[in-house]
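Q: As you go down the protein sequences, you meet chains A, B and C in turn. Whatever position you read off the first sequence (first residue = 1), add 6 for my numbering. Whatever position you read off the second sequence (first residue = 1), add 3 for my numbering. Whatever position you read off the third sequence (first residue = 1), add 615 for my numbering.
It is possible that part of the hints are untrue.
Said to hold, decoys possible - Simulated crosslink set (DSSO-like; lysine-lysine; CA at most 27 Å straight-line):
no., chain 1, residue 1, chain 2, residue 2
1, B, Lys-106, B, Lys-120
2, C, Lys-621, A, Lys-96
3, C, Lys-779, A, Lys-180
4, B, Lys-79, A, Lys-10
5, B, Lys-118, B, Lys-133
6, C, Lys-779, A, Lys-157
7, B, Lys-79, A, Lys-9
8, B, Lys-158, B, Lys-118
9, C, Lys-836, A, Lys-229
10, A, Lys-98, C, Lys-621
11, A, Lys-157, A, Lys-256
12, B, Lys-320, B, Lys-295
13, B, Lys-106, C, Lys-779
14, C, Lys-779, A, Lys-232
15, A, Lys-10, C, Lys-676
16, B, Lys-172, B, Lys-185
17, A, Lys-40, C, Lys-836
18, A, Lys-157, C, Lys-836
19, B, Lys-172, B, Lys-112
20, B, Lys-133, C, Lys-621
21, A, Lys-157, B, Lys-88
22, B, Lys-88, C, Lys-621
23, B, Lys-112, B, Lys-79
24, C, Lys-779, A, Lys-9
25, B, Lys-124, B, Lys-158
26, B, Lys-185, B, Lys-88
27, B, Lys-120, B, Lys-158
In case anyone wonders, no lab produced these hints; they're calculated from the structure. Here the structure is a predicted model, which means the values were calculated and not measured.
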Amino acid sequence: MIKKICSQIYITLIFIFLYAPIVTLIIFSFNQGKGGQWRGFSLEWYRELFASEMIMDALWNTLIIAVVSAIIATIIGTISCIGLNSLRGKAKSIYLSLNNIPMLNSELVTGLSLMLVFIAFGIGFGYPTILIAHITFCIPYVILSVMPRMKQTDRSTYEAAVDLGATPIYAFFKVVFPELVPGILSGFLLSFTMSLDDFIITYFTRGPGINTLSTLIYSEVRKGIKPSMNALSTIMFVSVLILLVVSNRKKKDGME
Amino acid sequence: MREPLIDLKNITKSYDGQVILDDLSLSIHENEFVTLLGPSGCGKTTTLRIIGGFETPDMGQVMFHGQDITNMPPHKRNLNTVFQKYALFTHMNIAENIAFGLKIKGKSKAYIQDKIKYALKLVNLDGYEKRMPDSLSGGQQQRIAIARAIVNEPKVLLLDEPLGALDLKMRQDMQYELIRLKNELGITFIYVTHDQEEALTMSDTIVVMNQGYIQQMGTPEKIYNEPENAFVADFIGESNILDGTMIWDRLVEILGVRFDCVDTGFGTNRPVDVVIRPEDVILLDPERAQLKGIVTSVIFRGVHYEMSVEVGGFVWKVHSTTMFPEGTQVGIRVEPSNIQIMNKPESEDEEAVSRNGKK
Amino acid sequence: MAKNRKLLAAPYLIWMIAFTVIPLLMIVYYGMTNRDGAFTWDNVMAMARPEHLGALLLSLKLSISCTVVCLLLSYPLAMILRGRGINQSSFIVFLFILPMWMNFLLRTYAWLNLLDDGGILYTICENLGIPTISLIGTNTAIILGMVYNFLPFMVLPLYNALMKIDQNVINAAKDLGANQVQVFFRIILPLSFPGIVSGVTMVFVPSLTTFVVSDLLGARKIMLIGNIIEQEFSTADNWYLGSGLSLVLMIFILVSMAVLNHYDKNGEGTSF
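Bound-form chain A, shown alone:
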C-alpha cells in the first residue's frame, strides 16, 4: 500500500517536471506584455504571431520539407528493404551498419559533415540540400520500421501466389505489399516527425534566407524571451495533442 502511494507520488513528480514548463509557457502566452509578471489576459502575442510573415513562411517551409522528405525517404527505404531482404550474411550486416550511422551519430557531426560535402560537390545551399539531409537521416527510420514487417511476411504466401500463376510483380503487390503497409506507414510518420523536429542538421545545411520553424525559433529565442514564441508553443502543443489523441483513438478502434 505504501509502495503504491510512493510510486504514485513519484509519477506525479515526474509529470510535474515534464509539464510545468509547458503549462507556464501556455499560461504566459495569454499574458499582456512581456516578463514573468501576470498583467491580464490578452491575445496580442497570437496576433503578432499570425501577422508575422516570417513565421508563416517558416511554418510553410517546415511542412513542405517534412512531407517531401518523408515521402522520398519512405519510397527509397521500402525499396531498399525489399532488396535488403534477399541479401545475406556479411553484405547485409555491413549495409545495416551503414544504415545505423545517421541514427547513432551525433546530429552535430552529421550536420557538419553534410555541409562539408555540399560545399565540396558544389551543391548550392537551399531547399535541395535541406531535403537531401533530411532524407538521409529519415531513411534509417523507415528501414527500421519496415524491416521487421518484411521478416514477418511469410515467404510461402508469396510463393503460393506465384505457384497459383501470379507474376512476381503482381504477387508482390497483392500479397507482400499489403503486409508491409503498417510498417511503411509508421516509417513515414516517424520520418515526418523527425523532419519536423530537426534543428541541428537543418541549421548546417540550409541556405541563407530559408528558415524552418526550428531555425527561426532558434534565431528568435537566442536573444531572450519572446512571448510570440509562447503562443507558437501553445499552438504546436495543442495540435500535437489533438493529433495524437485522434490517431490513438483510431488505432484502438482499428483493433476492436
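Given the coordinates of chain A, assemble chains B and C onto it according to the supplied hints.
A: The following block gives chains B and C in isolation, referenced to the frame of chain A:
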C-alpha cells in the same frame, strides 16, 4: 494414516470476481508423486502457485509439516519450483544458474562446486558448467531448471507443466527421467499438467481437477478404471459415455438392452451415466451379441484399429486388434466388470471428491 | 529473380556512400589538413589547448551528470511502469512522450521562460520577497535543460528492457531463496543492462555534443565543445579546426556506439 507433508485447507481464490478455486482441500504426503491434472483454467496452476507462495489464497490455509505457511513469502519456503518454459537466468551460465540458490544461502565455494557437479551428473549434463542457457535445447534447459531447483534440497519440488514446450519424443524421455529422479532423490513431487498420459505414466496419485474443484483423487489405475464421474471418464483416456438406467443392483439398461454389471448401491430405476472404455468393447458375430450395430469408420492406429460402430443413433468408440470392414453388421458385448456406473451430476460443476483416494 | 531483387538495395547504397560515408571522410580530410591542403595533426591536437580542453571537460562533466540524473530518474519510473497493467502503463508512456512531440527548441525555450532573469521563477521570488534565484547561465540550468530534453531516450529503452523480463524468472529467483533486494541486484538489474546501455548512449551522445541547450540556457557564459565547433564553422569559418575538434569528439561517440553494438548483438547482455 501418516501425517501429511502439505495440507491445503479450504482454499478459495478468485480473480476479478471469477472463482478459480472453491473451498479446495488436499493432503500430500512425503515422497509422493502427485499430479494435478485438468484442462486449462481448472485451477491446477493456481493451486501450485499457492503452494509455491506466488499467490495468496483469499481464504483457507496452507500447512507445511503442520506449520501454517499461508503468508510466508516464496524465498522462505523449503520447496522449489520448476517453471513452465524453464525461467533460466539468461545472463548467467549453467553453473551460475545452479549455484544461485546456494550462493544466496551463503554456502561455501567447495560445497557449491560439489553440488553443481552432482546435480549436472544427476540430470545427465556433466561438463555443461560454462555453457549459456540460450545454447541449450529445450530438453536440456528443462533439466538445468530441475538441477537448479534440486541442489537446494527442497522437501518438495513443484513442477508447472515442465514438459509442455518439448516435442513428443523428448517428452517421453523426460517422463522416465523424472520418475528416476524422484526415486533417487526421495522427495515429494507435485506436478501440474493437462496431459493425461503424463499423469498416468508418472504419478503415485492423480488429482483430477475441473472448474476449481477436485473431481477425483487416486492412483492412476483407480482413476483410469473406476472414474467417479463422466468428466473424469471423459478426460482420462477415451470412453463411451452413455445414458443408462440402473434397474437394480448389478443390472443396468443401456439403449434398451439390459447388461449385467458389478456396481451396487445406485437404487432402483435411477438414471445414471455409464462409462465403457473403447478397448473393453468386444466386437463379435451379431448372433451372439447383446447389441447390434454397423461399422461406420475404420482407422488403423498401429497397435489396434479404431472403429466407430453405430447402434440406434449412438456411435460407440471401439479399439480392437481384429478389424471389421466399414458397413459390416457387428455385435457388441461388454464384460460386466468393464461397465462403470456413475451418478449423473446434479450440476455442471458439481463437486465429487474421492474419500478413498489413498491406499 | 533473387538477383533482380538484390539490385533494389543498390540506390540507397549509393545514397549512403554519397551522404553518409563520404561526408564522414570529409571531416577526416579537413580535420587532418591545413588551408594549403597539407597533412597536419594540428587541428586534432588543438583540442589540448586550454580553451578547448576546458570546454570538452565541461561538456563531459555536464553530459555525464545529465546521463546519471536521467538514469536515476528513469529506472524507478520504468520499474513502476513494469508493475502496472499494460493499459495503465501505455497511457503513462503516452503522457511521457507527448512533450517530446513539441519542437526541441520550444522545449528548451520553455525552461528559458521559467529560469531567465525577469522570467517566471524570478518574478515569483520577487513577489514573495525572497532572494531571487538566477539559474540562467549556470551549469544547473544546462543540466536541467538536457535532462528535460533527453529523459525519454532513457525511459523508453529501460521500459522495454524491463517489460521483456519474464515474471517467472523473477519468481524463480524468489523461489530459490532470493529476497527483494537480491532479486533486484542479481536478476532485474543485470537483465535490464542492455536497456541501460542503450539509454545511456542515447542520452550521452546528444548531450555531449549539444550546442543548443548551452546556447539558450547558458546566457553566453558557458561554452561547451559543441558551441566551439559550431562557431568554428558558422562564424570563424575555420572548417579545418572545427573538423579536427569534431574528430576528437567522434572518438567518444564511436566508443559509446561500440559499447552499444556489443550489447545489442548479444541481445540479452551476457556479462555484468
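Q: Each hint: holds or not?
A: Each hint tested on the structure:
no.: 1; hint: B:Lys-106 with B:Lys-120; verdict: 15 Å, holds
no.: 2; hint: C:Lys-621 with A:Lys-96; verdict: 14 Å, holds
no.: 3; hint: C:Lys-779 with A:Lys-180; verdict: 35 Å, violated
no.: 4; hint: B:Lys-79 with A:Lys-10; verdict: 24 Å, holds
no.: 5; hint: B:Lys-118 with B:Lys-133; verdict: 15 Å, holds
no.: 6; hint: C:Lys-779 with A:Lys-157; verdict: 21 Å, holds
no.: 7; hint: B:Lys-79 with A:Lys-9; verdict: 22 Å, holds
no.: 8; hint: B:Lys-158 with B:Lys-118; verdict: 17 Å, holds
no.: 9; hint: C:Lys-836 with A:Lys-229; verdict: 14 Å, holds
no.: 10; hint: A:Lys-98 with C:Lys-621; verdict: 10 Å, holds
no.: 11; hint: A:Lys-157 with A:Lys-256; verdict: 26 Å, holds
no.: 12; hint: B:Lys-320 with B:Lys-295; verdict: 14 Å, holds
no.: 13; hint: B:Lys-106 with C:Lys-779; verdict: 26 Å, holds
no.: 14; hint: C:Lys-779 with A:Lys-232; verdict: 45 Å, violated
no.: 15; hint: A:Lys-10 with C:Lys-676; verdict: 35 Å, violated
no.: 16; hint: B:Lys-172 with B:Lys-185; verdict: 20 Å, holds
no.: 17; hint: A:Lys-40 with C:Lys-836; verdict: 24 Å, holds
no.: 18; hint: A:Lys-157 with C:Lys-836; verdict: 51 Å, violated
no.: 19; hint: B:Lys-172 with B:Lys-112; verdict: 38 Å, violated
no.: 20; hint: B:Lys-133 with C:Lys-621; verdict: 41 Å, violated
no.: 21; hint: A:Lys-157 with B:Lys-88; verdict: 25 Å, holds
no.: 22; hint: B:Lys-88 with C:Lys-621; verdict: 39 Å, violated
no.: 23; hint: B:Lys-112 with B:Lys-79; verdict: 22 Å, holds
no.: 24; hint: C:Lys-779 with A:Lys-9; verdict: 22 Å, holds
no.: 25; hint: B:Lys-124 with B:Lys-158; verdict: 20 Å, holds
no.: 26; hint: B:Lys-185 with B:Lys-88; verdict: 20 Å, holds
no.: 27; hint: B:Lys-120 with B:Lys-158; verdict: 21 Å, holds
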